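> Chains A and B, in that order, are what the protein sequence lines are. Just so we're on the same page, this note's numbering is the position in the first sequence counted from 1, plus 5. Just so we're on the same page, this note's numbering is the position in the second sequence counted from 1, plus 51.
Treat the hints loosely; a few may be bogus.
Below, computed lysine-lysine pairings styled on BS3-like, alpha-carbon distance capped at 30 Å [said to hold, decoys possible]:
id : chain 1 : residue 1 : chain 2 : residue 2
1  : A       : K364      : B       : K203
2  : A       : K364      : B       : K185
3  : B       : K203      : B       : K185
4  : B       : K196      : B       : K185
Worth flagging that the hints you see were computed from the coordinates, not collected in a lab. Model, not experiment: these values are computed from the prediction.
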Amino acid sequence: VLGAAAILLREQVRSASELDSYARERLLREISDLSECLSESEPEGIDVFEWLAELPTRLRVLGQGPRPGHLHAAPVWDGGHAGRRHTFVVGLDDSRYPGGLRQEPLLLDAERSRVSESLPTSARDLEERTLGFARLMARTRGRVTLSYCCRDLVDDRDMFPSPVIWSAYRILSGNTTGAFEDLLEWLPVPASFAPLDPESCIDASDWWRWRLCGETAVSNAAEAVSHHFPHLGRGSAAAQARASDAFTEYDGYVPEAGADLDPRRPDARAVSASGLELMGACPLDYFFRYALDIAPPEDLLLDPSVWLDPLERGSLLHGVFRDFMCQLHDAELSPRFERDHELMERVLEAHTRQMTQAKPPPSQEILQREVAELRRSAAIFLREEELHCEGWEPFCFESSIGLPSQTESLLDSADPIVVALPDGSSVRARARIDRIDRLRTDVSSIAVWDYKTGSTYGFDEADPFAAGRRIQNALYLMVTQTRIEHVHPGCAVSSFGYFFPSTRTNAYGERIQWPAELLIAGGRELLAQLCRLIAAGCFPFTPDPSDVRYSDYTLIHGDVGSLAEAAERKIANPGNAMLEPFRELRGL
Amino acid sequence: MTPKRRARANAEKGPALPDAEQRRLILEELDRNLLVEAAAGTGKTTSLVGRMAALLRTGTCERIRSLAAVTFTRKAAAELRTRFQLELERAASAASGEEQERLERALREIDQCSIGTIHSFCGRLLRERPVEAKVDVDFAEIDEKDDARLRKEAWDDYVVRLLADDPHGVLAKLASLGLQVGDLERRSHCP
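In isolation and in its complexed conformation, chain A is listed as follows (with noise of 0.2 Å):
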């Protein structure tokens, strides 16, 4: 171990400088030191891993004596031998300085003793470091300055004096019977990072500090900070432009990305069910995703009790009920609970085994939690298809439309499909829609299923498109029928709906289903109005918190209850007439 620590300091560490080279070398004398004692003795007692962790905090290197012109630092029982004019002693407080009487556990007092006499005690220690102290104070000349720290930062709470600051006040003052309380009295006020006079300022920063927070407080300080740094005197109006009522370019209005992000022009991306339905929720988060291209930094910390997220719980899920419905059909049969049972733990377990590779869990038994859930959910699954198909045949499985296909779907276009609006104009659409069944007694009958592994939070049956925070229903109705008609002339949609097979709040398989006729001609308004939108360069943030708990954006959001706040306020002025179309989404 000792001889590969010596290769890796001697040909992997980089030596920037001649601080760096000295340090390798005095590493590799300790290291070189000890493999010639352990080749000469039996290596009992010593455990080279932690020896190694703890030399380089052990060893000093490029120490100086005292110099003129320079600090010099020096502990206790070493300083002042320099005669120097001024002296500082740091760190006196009760907690550190002279502290109390600590034995050596491994030999305590008595037995030392028992021992021999010469043998040092925990008293003798500290009688050394109150000689120690008091031979300081001895040799000093000049001004001496005893310090402590009265606040700690960390716990936030006050530290006191150590007994030989009492005893200095008792002498200074004069006063010998001077309690605790008259000697906090006594001393002057604390010195913090903000100096209390400009004399005291060393640099420009303390000078800023003493500008800002000390009795003579400038009285424009805001003004004259945006004068001299104008980067942050823009931070400092787009805080006043978003704290005020008006809707401006701090909060999203943008009209110039706007007529970029039109999904209505000819060249525009196609719209996906998400992307809207985010923008129905957040025009903001939306702005962030597909004007500024925001990605959020990839979260390297894991969950240790946790192994897959709801997304890749989600995607797990959905290739199991893919690969299960799949197999299902090309043997022509419908599910049966009894008889496919296995079929489905099959294909979970082909799943899982392929996930814990890509992603191995943090322990056996968060696996064996995770699985049992993912087991439940596929039984939640098969026992209600095997109802569901009684009067229904799937025959299309997560068909792909402007997007690569993964299943040689009947419906499968790589083209984006042409949504017309009521205006006259069209948007292109993509979308991955899990199930397409046909109706058993009338196969030109076809319906749209999605399968949800959350809750059904959000969910309701009497509000499809809950204020313009969703539109897959109505997205993936349009773009399956116009795709069937293409495919299979005369065969006409009849329904979208979604299924919840999981064991999650209120799911347990329940469906939830829109007619037609209700999700078209509602659907195609709100389409047309978050396009509007989108083209006006209107993104304002949400006033419902909700609506961003799980936004990709918390990090720039930074305090969502206040925004959301400001957000309503803003909404609510009718002097912001952009946001008008907002106001008629959210039905303000």
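Position chain B against the provided structure of chain A, taking the given hints into account.
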């Protein structure tokens, strides 16, 4: 003058107090353990300091290093330390002979007296006696976050061992109750 000081001053020079006998016991009954319960500002700390000095003066406590005073706050500890020193100085100047020698010795060794918070006192005991306390010689106090992390690690280690080898049939018993090991973990996090 602070209210505490005023109370002390009154206690020192005022007429005989109704609890004078109890106060005397505190200063003179040095071989008995006492519990003193009294309202704020009635002189508990003064009595405590007086008792500590009396223990040393009479030789009931031979060396100051075997004396400990425990407080709840750091401020109270710092205050008690100075008051104790002042009391020792006062007592030493008023004493004579053997008693004066004892008190002067105590003053010289005053830094050896353990006056601190309950945390520092317990920390010192554990640092001095790690073998008896069955803690690592080099132990350090942990904060709440580390505490939660270590508990979690210990639990995960236990579960991994249990899944590998379950001689007492814990998993089977849990399963018969419709529970999994993870359910216990979630339950333990409930307030």
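> If a hint holds in the structure, say so; if it does not, say that too.
Now for the hints, and whether the structure bears them out:
1. A:K364 to B:K203: 21 Å, holds
2. A:K364 to B:K185: 40 Å, violated
3. B:K203 to B:K185: Holds, because 22 Å separates the two Cα atoms, which is no more than 30 Å.
4. B:K196 to B:K185: 23 Å, holds
Hint violations for this structure: number 2 only, all remaining hints satisfied.
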